[in-house]
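Work out the full structure, taking the sequences as your base and the hints as a guide.
Numbered according to numbering that gives the first Met the number 0, the sequence shown spans residues 0 to 220.
By construction, these hints were calculated from the structure, which means they are not laboratory data.
Heads up, some of the hints might be wrong.
[Said to hold, decoys possible] Label-pair ranges, simulated between beta-carbon atoms: (1) G28 - D196: 19 to 27 angstroms; (2) D145 - L15: 44 to 52 angstroms; (3) T19 - R83: 31 to 39 angstroms; (4) A146 - V23: 35 to 43 angstroms; (5) A110 - E186: 40 to 48 angstroms; (6) K37 - A110: 16 to 24 angstroms; (7) A13 - K138: 39 to 47 angstroms; (8) A91 - A40: 20 to 28 angstroms.
[Claimed, not checked] Think about it this way: if two alpha-carbon atoms lie no more than 30 angstroms apart in a straight line, the pair counts; the simulated BS3-like pairs of lysine-lysine are: (9) K156 - K72; (10) K103 - K137; (11) K72 - K138; (12) K137 - K156; (13) K72 - K37; (14) K137 - K104; (15) K37 - K104; (16) K138 - K104; (17) K72 - K104; (18) K43 - K72; (19) K43 - K104; (20) K137 - K72; (21) K103 - K138; (22) K103 - K37.
Even glycine gets a Cβ: it sits at the ideal position worked out from N, Cα and C.
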Amino acid sequence: MSTMTATDALAEIAALEDPTARAVNERHGDAHGVNLAKLRALAKRVGMDTDLARELWASDDVAGQLLGVLISKPRELSVADVDRMLRSTRSAKAHDWLVNYIAKKSPHAEALRERWFDDADADARAAAWSLTTARVVKKPEGLDLDALLDRIERELKDAPSREQWAMNETLAQIGIQHPTYRERALEIGNRLQVLADYPTPPNCTSPFAPAWIAEMVRRQG
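Below, the structure written as C-alpha cells:
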C-alpha cells in the first residue's frame, strides 16, 4: 500500500497541470491538464492502492479519477464500488478507462454487464455493451446472439453517441467472430448506415460495421 495520501496525490497532479494539455484534453471531453504519460509515471511511483483510488475518485477531480483507475486492483472492487465509480465519472477518458481497466478485468464483470444492460443511464448501458463485446469475442457461451442482434437492430440508429459506439462494436464483433451470424450483422449494418460517414484516416479500419467486418474477415484469410 502506498504511503501517499489523496491530498499528496492531488497536489502532485496539480503540479503537472499544463494549459496546452488541458486545451487538447477538453476538446475530447476530458477536463484536466495532465499529460497522460506523466500521469502513468505518477501511478507507477504511487503503486497499486485501491483504498487511495477510492479517495481519489471521491475527490471529483478528473485527473484524480484517472490516477485512481491506474492504481486500482479490479479484484478489490465490489459490484457496488464499480457501479458507483461509473456513475460519477467526470470525463470520457475516465469512463473508458474504468470500463477497460477495471470492469472488464473484474471478477464481477458479468454481474456488472447484467446490472447495466437495461439501465436508465445511457452511459451505463454503453458500459454493458462494451462488456458484451468482450464476451462475444472471448466467452460467447450462453449469450443469445440472435436476441442481441434483435436489440441492436431496434436501438442502434437512435442510441446516444457513447452507447451507439459500444453497441456498434458488438454488432461488428458478432459479424467478425461468428460466421453463422455474419450475413445478418452485415445486413443490419448496411441498412442502418450507422457511422458509414465517419472520417477514417488512411490505413485505418472504418468503424462502419460492414466495412469493419469485411476487413477483419479478410485479414483472417
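Structure-based check of all given hints:
1. In this structure the hint that G28 and D196 lie 19 to 27 angstroms apart at CB holds, the actual value being about 21 angstroms.
2. The given range of 44 to 52 angstroms is respected by D145 and L15, whose C-beta atoms sit roughly 49 angstroms from each other.
3. Between T19 and R83 the beta carbon distance is about 33 angstroms. The supplied range of 31 to 39 angstroms therefore holds.
4. For A146 and V23, the Cβ-Cβ distance of about 41 angstroms falls inside the hinted range of 35 to 43 angstroms, so the restraint holds.
5. At roughly 33 angstroms, the beta-carbon separation of A110 and E186 lies outside the given 40 to 48 angstroms, and the hint is violated.
6. Checked against the given bound of 16 to 24 angstroms, the beta carbons of K37 and A110, roughly 35 angstroms apart, lie outside it.
7. With their beta carbons about 42 angstroms apart, A13 and K138 fall inside the hinted range of 39 to 47 angstroms.
8. The supplied range of 20 to 28 angstroms is met by A91 and A40, whose beta-carbon atoms lie about 22 angstroms from each other.
9. For the given pair, K156 sits about 36 angstroms from K72 by alpha-carbon distance, which is inconsistent with the 30 angstroms threshold.
10. Restraint check for K103 and K137: the C-alpha separation of about 11 angstroms stays at or below 30 angstroms, so the hint holds.
11. Note on K72 and K138: the hinted pairing holds, with a Cα-Cα distance of about 22 angstroms set against a maximum of 30 angstroms.
12. Restraint check for K137 and K156: satisfied, since their Cα atoms lie roughly 26 angstroms apart, inside the 30 angstroms limit.
13. Restraint check: the Cα-Cα separation between K72 and K37 comes to about 20 angstroms, which is no more than 30 angstroms; the hinted pair holds.
14. A threshold of 30 angstroms between alpha carbons decides the hint, and for K137 with K104 the separation of about 12 angstroms falls inside it, so the pair holds.
15. About 24 angstroms separates the Cα atoms of K37 and K104, which keeps this hinted pair within 30 angstroms; it holds.
16. A threshold of 30 angstroms between alpha carbons decides the hint, and for K138 with K104 the separation of about 13 angstroms falls inside it, so the pair holds.
17. Distance restraint check for K72 and K104: the Cα-Cα separation of roughly 9 angstroms lies within the 30 angstroms cut-off, and the hinted pair is therefore satisfied.
18. Distance restraint check for K43 and K72: the Cα-Cα separation of roughly 13 angstroms lies within the 30 angstroms cut-off, and the hinted pair is therefore satisfied.
19. With a C-alpha separation of about 19 angstroms, the suggested pairing of K43 with K104 holds against the 30 angstroms cut-off.
20. Annotation: proposed proximity of K137 to K72 holds, straight-line Cα distance about 21 angstroms (limit 30 angstroms).
21. Pair hint K103 plus K138 holds up; C-alpha atoms about 12 angstroms apart against a cutoff of 30 angstroms.
22. A threshold of 30 angstroms between alpha carbons decides the hint, and for K103 with K37 the separation of about 24 angstroms falls inside it, so the pair holds.
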